[in-house]
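All chains, please: the whole structure from these sequences, using the hints.
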Amino acid sequence: MIGQTATSDVILRTERVSKQFGKFTALKDITAEFRRGAITSIIGPNGAGKSTYFNLLSGAFPPTSGQVEFEGRDVTGLPQHKFAHMGVAKSFQITNVFPQLSTHENIRVALQALSSRYNIWTPRTSYKDLVVQADELLHRVGLWSRRGRLAGTLAHGEQRALEIGMALASHPRLLLLDEPTAGMSPEETRVMMDLIVQLAQERTVILVEHKMKLVMGISDRLLVLHHGELLAEGTPADIRRNETVKRVYLGQREH
Amino acid sequence: MHEASHISEPLAAAPRHRASWFELARQHRVLLSSAFLLAFPLVMPFTALAVNILIYGLYALGFNLLFGYLGLLSFGHAALFGTGAYLCGIAIVHFGMPWYAAIVVGVLGGVAMAAAIGVLAIRTRGIYFAMVTMALSQCVYYLFYQAIDWTGGENGLRGINVREISIFGLKFDFIDPLTRYYVVAAFVILALIFLSRILASPFGAVIEAVRENEARARASGYNVTATRLIAFILSGAFCGLAGALQALHLSIVPIEIMHYETSGLAVMMSLLGGMGTFFGPFVGAAVFLLLENLVSLWTVHWQLFVGAVFMVCVLFFPKGIWGTLLQRVQK
Amino acid sequence: MTSSGKKPTDISRRSLLGTAGAGALLAVSPFSINILRAQEQTIKIGFPVPLTGPYGTEAQDQVRAAEVAIAEFNEAGGLNGRKAELLVRDDKLNPGEAATRALELIEKDKVNFIVGSLSAAVQLAVNNVTKERGVIFNSISQSDAINEIADFSKFTFHEALNPHMTAGAVGRYAFPKFGKKVAFLTADYAYGHEMVRGFREAGKAVGIEELADIRHPIGATDFSTLLPRIQALKPDILCICNFGRDQQIALKQATDFGLKRNIKLITPILLYTGRLAAGAQAFNGVIGGTSYYWGIEDQFASAKAFNDRFRKMHDGKVPSDYGALGYGGVKTLLMAAKEAGSVESEMVIAAMEALKYDYYKGPQYFRKCDHQSVQSVFIIESKTQNQRNEADVFDVVATEQPNEANLRSCESLGHKA
Amino acid sequence: MAGLTLDLIGLQLFTGLALGAVYVLLAIGLSLIFGMLTVVNFAHGAFYMLGAYVGVYLLALGGNFWLCLVAVPIIVGTIGLVVERFLIRPLYGRGIDYPLLLTFGLSYVIVELVRIAFGKAGYPFDTPELLQGAVDIGIGYFPLYRLFVIAAAGVVLLGLWLFLERTSFGLIIRAGARDPQIVRVLGVDVARVWLVVFGIGTGIAALAGLLAAPLQGVIPEMGGPILVEAFVVTVVGGMGSLLGAVLAGLLVGVVVSLSSLFVPEMAKVSIFALMAIVLLIRPQGFFGRAGLMS
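Which chain is which? The protein sequence lines are A, B, C and D, in order.
First residue of the first sequence: 0, per numbering that gives the first Met the number 0; consecutive thereafter.
First residue of the second sequence: 0, per numbering that gives the first Met the number 0; consecutive thereafter.
First residue of the third sequence: 0, per numbering that gives the first Met the number 0; consecutive thereafter.
First residue of the fourth sequence: 0, per numbering that gives the first Met the number 0; consecutive thereafter.
FYI, nobody ran anything at the bench for these hints, they're computed from the structure.
Ideal Cβ positions, reconstructed from N, Cα and C, are used throughout, including at glycine.
You may find that some hints are simply not true.
As the list claims (entries may be wrong) - Derived, one-sided and incomplete: chain D residues facing chain B with beta-carbon distance under 8 Å: (1) V39; (2) L100; (3) F103; (4) G104; (5) F117; (6) F230; (7) V268.
Stated by the list, open to error - Simulated crosslink set (EDC-like; lysine to aspartate or glutamate; CA at most 20 Å straight-line): (8) C:K367 with C:E147; (9) C:K259 with D:E128; (10) C:K109 with B:D172; (11) A:K81 with B:E213; (12) C:K107 with B:D175; (13) C:K109 with B:D175.
What the hints assert, rightly or not - Covered stretches of chain D, going by a simulated chain C footprint (3 or more residues, C-beta under 8 Å): (14) 12 to 19; (15) 61 to 67; (16) 80 to 88; (17) 125 to 133.
Given below as structure tokens:
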């Protein structure tokens with residue numbers, strides 16, 4: 000496995016993190032660890048606090064209390080853009096690209112964030128390596144043919160793929176994906192899941208997913224949230240056997 | 000997805016071919032703009048107006064970098080413009096500096112004022128940003144208003160009299176209107192080159208990214224706050240230069256230059272010309288000032304026309320005059 | 000005249016050409032333009048005034064009165080047949096705009112003289128442009144700064160009164176009459192401070208006791224925050240040292256607060272147009288100075304002649320104070336040009352300096368050192384009773400004769416004289 | 000600082016309240032419109048000025064001041080309805096900047112139309128006879144008309160409060176200010192609600208202009224400076240918050256009046272400094288919701 004340190008095989012952990020929105024408690028005292036190199040999925044019914052937890056892990060906002068550690072370092076409250084520089088990349092639940100930029104430029108901009116971002120004089124095209132790397136990533140996520148199109152005009156599935164391409168641009172050791180298949184056709188979903196498995200060979204992946212069945216097959220570990228609390232944790236087999244989880248998911252129909 | 004790729008291959012290439020001359024013009028926009036500016040005074044009613052159009056165009060250009068390209072609406076740009084003008088004037092009147100040094104002082108003044116206002120205002124967003132910049136620029140207005148010994152207060156700063164300038168040993172009569180025009184035009188062209196470089200640079204890409212999708216830019220590793228601040232400061236450099244040139248052109252700096260109506264001018268000119276277009280601010284400045292000049296010749300109610308034209312633009316041509324033209328040509 | 004009979008067509012064609020491609024011609028050969036500026040052309044007087052903005056009414060009256068001066072000059076045969084022409088420009092009460100307009104008038108229209116401006120800042124801006132280019136500027140705006148050495152040039156003339164003169168005259172009239180305990184309500188800018196300085200200077204001779212100088216920001220809409228304090232001071236006289244709209248609101252609110260019951264309100268400048276706009280109630284009983292009021296026609300034949308001519312040209316209206324200044328500013332320059340027999344700057348300057356004139360308000364002349372017009376100041380009181388007609392709003396209660404001693408000394412202004 | 004006494008400061012506070020009352024009326028309209036329509040109305044000052052001019056016109060026709068108090072808001076409010084329907088409505092959904100820019104242009108047009116119709120010089124506006132003079136309020140003499148302005152503002156606020164709290168239409172407005180989505184879900188014609196809100200906002204602005212007319216006289220430019228000050232009030236109070244507009248309006252009035260007593264040269268800048276400070280400490284203003292502007 001790449002970049003594994005002697006310190007631990009835990010890449011990310013949260014220590015009793017909670018999140019309040021006004022009087023509403025979205026998350027309560029969640030302590031969990033994410034193993035390096037694994038695919039871990041965070042599942043739970045609607046309103047379980049999955050997205051809130053995801054946002055805490057990805058640095059979109061800080062927890063109200065508790066601590067987030069990345070590779071043994073306390074990263075609680077660091078601004079969002081620092082996460083990208085540490086090697087944490089994320090995709091959004093709602094499609095989130097730069098619509099008025101070309102597909103290629105979307106990825107090139109993401110690549111640029113790690114090097115020459117505040118240069119105001121040299122033409123951006125003179126950074127040839129970034130152009131080449133962007134093309135490689137376009138191939139990688141299957142969008143080479145859409146290179147010159149405005150990102151906003153791509154099909155939904157293509158935009159999701161583009162987002163993953165942008166996330167990969169920062170060479171992340173940890174990739175956080177928020178419902179990457181939301182709104183996709185079964186065919187698009189299949190392609191996306193293949194891509195995720197492939198990506199996970201080189202890096203740690205954390206997935207938030209509403210559809211439990213989808214992630215059972217590919218996840219190494221699962222976290223189940225319910226009403227803002229950690230309900231269960233374990234391998235897919237553990238979770239499948241867990242009576243509490245069954246009850247929660249039986250309570251409402253799975254889509 | 001794999002099947003689709005075969006179909007779209009030629010599609011991607013097609014638009015590139017169709018608009019080739021348009022692309023060519025776009026690549027050489029600095030050259031074309033400069034050529035136009037050099038011939039411009041020939042078609043203007045009088046040269047001093049042409050100089051004003053250049054200066055206000057440059058001022059609107061600085062504003063446009065922030066509003067058009069980054070999407071931040073500031074109602075306090077008069078402070079940047081005015082600081083450039085006052086500092087340039089003070090450098091000449093109180094310190095007897097040569098004109099070129101005074102311009103540098105003016106630009107630095109614009110930069111420093113932008114940094115000061117920016118640090119305070121940049122954390123607020125949207126409408127609040129517009130309001131905070133307006134409030135802070137009003138504070139700056141009163142600051143300069145009260146500093147009578149330096150600025151002349153209500154009476155304005157007088158005596159910025161540059162009769163003769165020498166460039167590489169050649170002497171030019173700065174009282175001559177055309178000389179004045181071409182000296183100012185030279186600085187404006189330099190500014191256009193600089194803006195063009197900024198837009199083409201990696202930072203230009205960051206500006207676009209932040210405007211397009213702030214959350215995404217942040218997740219990609221961009222510091223959005225820093226980006227805004229840098230853009231605000233760059234905007235201050237352009238506006239400071241415009242102010243310095245204005246001081247040299249008119250030989251006075253009126254306190255009105257700091258008034259919030261001057262901030263409104265930048266908004267109006269940018270929008271009339273076309274937000275987020277390279278040459279739009281100059282078109283906007285020209286249309287506004289010509290309209291004001293021509294209409295005020297036959298009626299004192301010129302503001303009615305300016306206001307109405309502005310409303311028509313907002314309602315029907317949100318891309319402004321130049322932006323709409325570009326769109327037509329592109330199609 | 001016959002010899003020049005066919006020339007006008009020639010010239011008009013050329014000047015048309017000149018206007019159409021002024022820039023182009025200028026680029027090719029700046030000299031050709033100068034040759035075109037031959038003696039036969041009309042005498043052009045640039046006239047930048049704030050047609051738009053809050054003083055539009057005053058500015059329009061300035062234009063009307065200036066037209067009277069032009070008409071009189073042309074009817075009298077002009078300068079050896081050369082007619083005069085007024086080029087009115089809107090300075091929008093903005094010094095930047097005014098400077099641009101002055102540049103337009105000088106560079107494009109090639110005016111011989113510039114007369115005009117209403118606000119102090121605009122006047123100083125125009126002056127800065129004209130003096131650099133050697134064009135005579137006769138200012139009809141009221142300010143002290145224009146007399147000072149820093150702004151003065153030999154091309155600068157000041158037909159209007161300045162606050163030192165008006166405030167001084169009003170003070171000399173009012174302090175002995177209404178009491179020695181004096182408070183000031185002052186607009187916090189140069190013009191306001193200049194007024195206070197004028198009052199203080201006059202007060203020294205009488206020995207006034209200054210209770211307070213209360214400042215308000217220019218453009219204030221609410222004086223109620225200051226009035227209770229003034230009331231508590233119990234002064235005999237309150238000097239309202241502000242102008243135009245500020246003054247109208249201040250007087251209105253002072254009336255509402257009941258200040259007039261035991262305090263006499265005086266002000267350096269009482270505007271005719273301001274009195275009409277704000278109404279009788281607010282101005283009632285207020286004493287102030289003015290450079291001109293149509294009612295002095297009982298005193299001066301020149302005023303009567305000017306009023307009659309103005310009435311004839313402008314449907315029976317009477318000229319306002321600022322209007323009369325427009326007349327005086329243009330008239331003096333044209334008469335000096337006539338005297339000099341030329342529009343050449345140096346010769347006209349010499350003629351202006353030598354001028355002893357009575358065109359509309361009694362005797363006047365320009366002081367040598369600062370080109371300030373030495374003239375009488377009229378003390379007027381606003382009234383609500385016994386109005387003969389709509390225009391009859393003031394009583395002239397005193398006239399201070401022209402006297403250089405009432406001006407700031409040349410030395411104190413920085414002049415060598 | 001000659002003549003500074005406690006009475007004087009008290010009187011000054013009162014003066015500040017009267018000044019604040021006009022701010023409150025302007026700000027409450029701005030805030031109402033912003034809260035519901037997310038439109039920053041740059042023409043609000045022009046409607047304020049229009050109110051004063053309509054008053055002048057009605058008085059010249061032979062009306063009296065008390066009639067004007069009712070007629071002016073109705074007439075100008077109706078103009079406001081037309082503006083919303085035909086000029087602002089096409090811009091919904093185009094972002095917050097466009098209605099702002101449109102009303103910015105509109106203010107130029109309204110001011111110039113007034114100049115054409117009524118001239119540039121302005122009009123005197125005498126204090127209604129019943130309200131002339133000053134009364135002793137225990138700490139000194141205070142102009143009766145200013146007391147009336149405070150009272151009138153109070154009555155308007157009370158009326159507005161009753162309208163919002165006690166009528167079904169008011170309920171919809173309150174719900175809509177919290178979340179426009181909810182109103183839509185309830186099947187209410189949101190467009191109609193917005194129309195009415197804009198009309199009410201401009202009507203109140205016109206009333207403020209009419210009330211201010213006897214204090215300052217009437218000129219076409221009267222709406223400019225006060226609009227900027229009203230913006231300060233709305234921003235300090237929190238955009239969209241009615242309670243915020245009221246408290247901030249009174250606060251700004253008092254700050255202006257006290258600063259012109261103690262540091263007159265800072266009087267003009269004091270409210271902008273106040274705004275800058277408030278926003279730096281609490282970017283959403285006193286009662287604004289955080290993140291509303293994002």
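Going through the hints against the structure:
1. Hint status for V39 (chain D): holds, given a least beta-carbon distance of 6 Å to chain B, under 8 Å.
2. Interface hint status for L100 (chain D): upheld, as the beta-carbon distance to the closest one in chain B is roughly 5 Å, under 8 Å.
3. With a least beta-carbon distance of about 7 Å to chain B, the hint placing F103 (chain D) at the interface is held under the 8 Å criterion.
4. Look at G104 (chain D): its Cβ gets to within about 4 Å of chain B, closer than 8 Å, so that hint holds up.
5. The beta carbon of F117 (chain D) comes no nearer than 12 Å to any beta carbon in chain B, farther than 8 Å, and the hint placing it at the interface is violated.
6. With 8 Å as the threshold, the beta carbon of F230 (chain D) comes within range of chain B, its nearest partner Cβ sitting at about 6 Å, so the hint holds.
7. For V268 (chain D), the interface hint holds, the least distance from its beta-carbon to any beta-carbon of chain B being 4 Å, beneath 8 Å.
8. Straight-line distance between C-alpha atoms of K367 (chain C) and E147 (chain C) comes to about 13 Å, which keeps the hinted pair within the 20 Å bound.
9. Using a Cα cut-off of 20 Å, the hinted pair K259 (chain C) and E128 (chain D) holds, with the two alpha carbons roughly 17 Å apart.
10. Of the supplied pair hints, the one linking K109 (chain C) and D172 (chain B) holds, its CA atoms being roughly 18 Å apart against a limit of 20 Å.
11. Note on K81 (chain A) and E213 (chain B): the hinted pairing holds, with a Cα-Cα distance of about 15 Å set against a maximum of 20 Å.
12. Only pairs whose Cα atoms come within 20 Å are accepted, and K107 (chain C) paired with D175 (chain B) is accepted, the gap being roughly 11 Å.
13. The straight-line distance between the Cα atoms of K109 (chain C) and D175 (chain B) is roughly 13 Å, inside the 20 Å bound, and the hint therefore holds.
14. Using a Cβ-Cβ cut-off of 8 Å, 4 residues of the stretch 12 to 19 of chain D lie near chain C, which meets the minimum of three, so the contact claim holds.
15. Only residues whose beta carbon comes within less than 8 Å of a beta carbon in chain C count, and the stretch 61 to 67 of chain D has 0; fewer than three means the coverage is violated.
16. Here's how the stretch 80 to 88 of chain D fares: 0 of its residues keep a CB closer than 8 Å to some CB of chain C, so the rule of at least three is not met and the hint is violated.
17. Here the stretch 125 to 133 of chain D counts 5 residues with a CB under 8 Å from a CB of chain C, which clears the bar of 3, and the coverage holds.
Hint violations for this structure: numbers 5, 15, 16, all remaining hints satisfied.
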